[in-house]
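Chemist: Following the hints, put chain Z in place on chain X, whose structure we already have.
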Amino acid sequence: MKFIYILSVLPFVGILGFLPFVNRVSPFVLGMPFNMFWMVIWVVLTSIILGVMYKLDPRNREGEEE
Amino acid sequence: MNSALIIILLFLVAAIFLGIRSTKGKDMNLEQWTVGGRGFGAILVFVLMAGEIYTTFSFLGGSGWAYGKGAPALYVLIYISLSYVLSYWLLPVIWKYARDHKLVSQPDFFVSKYKSPYLGVLVAAVGVIAVIPVIVVQLKGLGIIVSQASYGAISMSAAIWMGAISLTLYVMISGIHGSAWTAVIKDIMMLVVIGFLGIYLPFHYYGGYGPMFEAVNAAKPGFLKFPEQGLSVSWFISTVILLVLGFYMWPQVFSSSYTAKNAKVFRKNAIISPLYTLMLLFVFFVGFAAILKVPGLSGGDVDLALLRISIQTFDPWFIGIIGGAGLLTALVPGSMLLMSASTLLAKNIYKPFVPQASEARIAVLAKSFVPIVALISVYFTLNGGTTLSTIILMGYSLMTQLFPSLLFSLKKNNFVTKQGAAWGIIAGIIVVAYITISGSTIGTLFPSLPQQMKDINVGFIALLVNFIVMWAVSMLTKKNSVSA
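Chains as they are written, first to last, in our numbering: chain X, 1 to 66; chain Z, 1001 to 1484.
Any given hint might turn out to be false.
[To be verified] Below, in silico cross-link-like pairs of lysine-lysine (DSS-like), each with a Cα-Cα straight-line distance of 30 angstroms or less:
#1 Z:K1293 x Z:K1220
#2 Z:K1412 x Z:K1478
#3 Z:K1069 x Z:K1293
#4 Z:K1261 x Z:K1102
#5 X:K55 x Z:K1096
#6 X:K55 x Z:K1264
#7 Z:K1102 x Z:K1293
#8 Z:K1412 x Z:K1264
#9 Z:K1412 x X:K55
#10 Z:K1411 x Z:K1096
#11 X:K55 x Z:K1261
#12 Z:K1351 x Z:K1411
#13 Z:K1411 x X:K55
#14 Z:K1225 x Z:K1069
#15 Z:K1351 x Z:K1115
[Said to hold, decoys possible] One side of the interface only, derived from the structure: several residues of chain X facing chain Z at Cβ under 8 angstroms:
#16 N35
#17 M36
#18 V40
#19 G51
#20 D57
Because the hints were derived from the structure by calculation, they are not lab data.
Predicted model, so just to flag it, every value in this text is computed and none were measured.
Cβ atoms here follow ideal geometry from the backbone N, Cα and C, with glycine treated the same way.
Bound-form chain X, shown alone:
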């Protein structure tokens, strides 16, 4: 339970925490400036992280929520 709490902090750290270090135009990745690419990758990772949280969260295993 505690572990999945920590997971939900990751997207904030990845996107906002690293921003000062990745605020640059080059190299272009997939045609996008680097800062834009960084954010796009993290949005995808956010989905993945939330998926992992969902799997690990015992509340989702019960049929009906209580």
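Modeler: Below, chain Z without anything else, positioned relative to chain X:
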């Protein structure tokens, strides 16, 4: 009448038809009208909540920001994605409490938690004040779309009036069922249109994304990076955090969480939703593509970027399709907002003062507030300047003020009293109002701070004042109640 306008009109008729059909066989009492009888599954809740997120603002304002400001536009993508992380924890708790206590609106939540109908009145008033600017944005967007798509034949103000009238009729007839079904069509249309524009325009004009961004970078060095000051990295981080805190404080978003069948719906939606926001990337691509192809838009006109480059590129019938999609992006959120504001006025502002009013009377009253709120919004739409995103950001700083007292109310032992909650919110609102009217930033308030601190979103000051007042008043009122 050109073919673009005819197609837009067809979209409008189809949306109204769907709205009417969706209410068939349902007794439209207040619970059906506003929260759909709490029977919506994951997909409907998903489109409904996405329907509030992808408004004309993301359509026109998102491309407008990319066009006018460059990299900082990405805040739209990031705050929405990060808000879903919050939703994973927050919405199931809110939903469960709302279901157990049969709540239909956001102020109901505060009333129930803090045992104070007048706190509900305050929360409702904040909601109505913050929601009107967002309705204004929808009407303004509608006006832009219709007047641009008519190639100037219909003036902006005529388009706004027509939009407001159709919106009002739509809401009064269908309530949330219509919004949900129109939201399904709207989202499909948005995906197709935005996806197409975001891919076609960069390849058509530049031969790909890489060449496009290189061309923009060469023409405007530094435009694709966060600037050293102003909309800098620290502006971005602080603004995103504030927006995430405010995201679920909107009365219409809050109450559409009530429509869910069970709490798992939210956790499931949280997983795919960030991916869905990537659609906004294509909106930005359109804005970036427009920079070199339709140069010279400035001020409030940046919101025209998407339509201008489309008109320059495509035939009128296709402008009609884009306009139709745009119309739906105004209609769906606009109807939700109008409905929320009217329900708040009837149920949470009128009712506490006239407690003997029956449910049926409140339902009638809620519907009759719809045209009034619409008229007020038309007034502000016709008499206000500034870009879509500035208006939205102001509404957000108002809504965020509800976050501290909501958050603490979820705890078992909440130290916040009803007086503390009320004065905290009022103090926060006063600070927001002062900041907005005086145009203050942290830089003007505290000129000696280093630049990174100066760019921090000034909304944090309001939130801080809110918290301190809430805490202090809570401490005072708690002591009194013990000694009394």
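Chemist: Does each hint hold? Answer for all of them.
Modeler: Okay, the hints, checked on the actual structure:
1. Z:K1293 x Z:K1220: holds (14 angstroms)
2. Z:K1412 x Z:K1478: holds (16 angstroms)
3. Z:K1069 x Z:K1293: holds (16 angstroms)
4. Z:K1261 x Z:K1102: Cα-Cα ~13 angstroms, so holds.
5. X:K55 x Z:K1096: holds (21 angstroms)
6. X:K55 x Z:K1264: holds (12 angstroms)
7. Z:K1102 x Z:K1293: violated (54 angstroms)
8. Z:K1412 x Z:K1264: Distance of about 22 angstroms is within 30 angstroms: holds.
9. Z:K1412 x X:K55: Distance ~27 angstroms between K1412 (chain Z) and K55 (chain X) Cα, so the pair holds.
10. Z:K1411 x Z:K1096: OK: K1411 (chain Z) and K1096 (chain Z) at ~14 angstroms, within 30 angstroms.
11. X:K55 x Z:K1261: Given that 30 angstroms is the threshold and the Cα spacing comes to 20 angstroms, the pair holds.
12. Z:K1351 x Z:K1411: holds (28 angstroms)
13. Z:K1411 x X:K55: Distance ~25 angstroms between K1411 (chain Z) and K55 (chain X) Cα, so the pair holds.
14. Z:K1225 x Z:K1069: Distance of about 10 angstroms is within 30 angstroms: holds.
15. Z:K1351 x Z:K1115: Distance of about 15 angstroms is within 30 angstroms: holds.
16. N35: With a closest approach of 6 angstroms, the N35 (chain X) hint holds.
17. M36: Nearest chain Z Cβ about 6 angstroms off; hint holds.
18. V40: With Cβ-Cβ at 6 angstroms, under 8 angstroms, it holds.
19. G51: holds (5 angstroms)
20. D57: With Cβ-Cβ at 7 angstroms, under 8 angstroms, it holds.
Violated hint: 7 only; the structure is consistent with all others.
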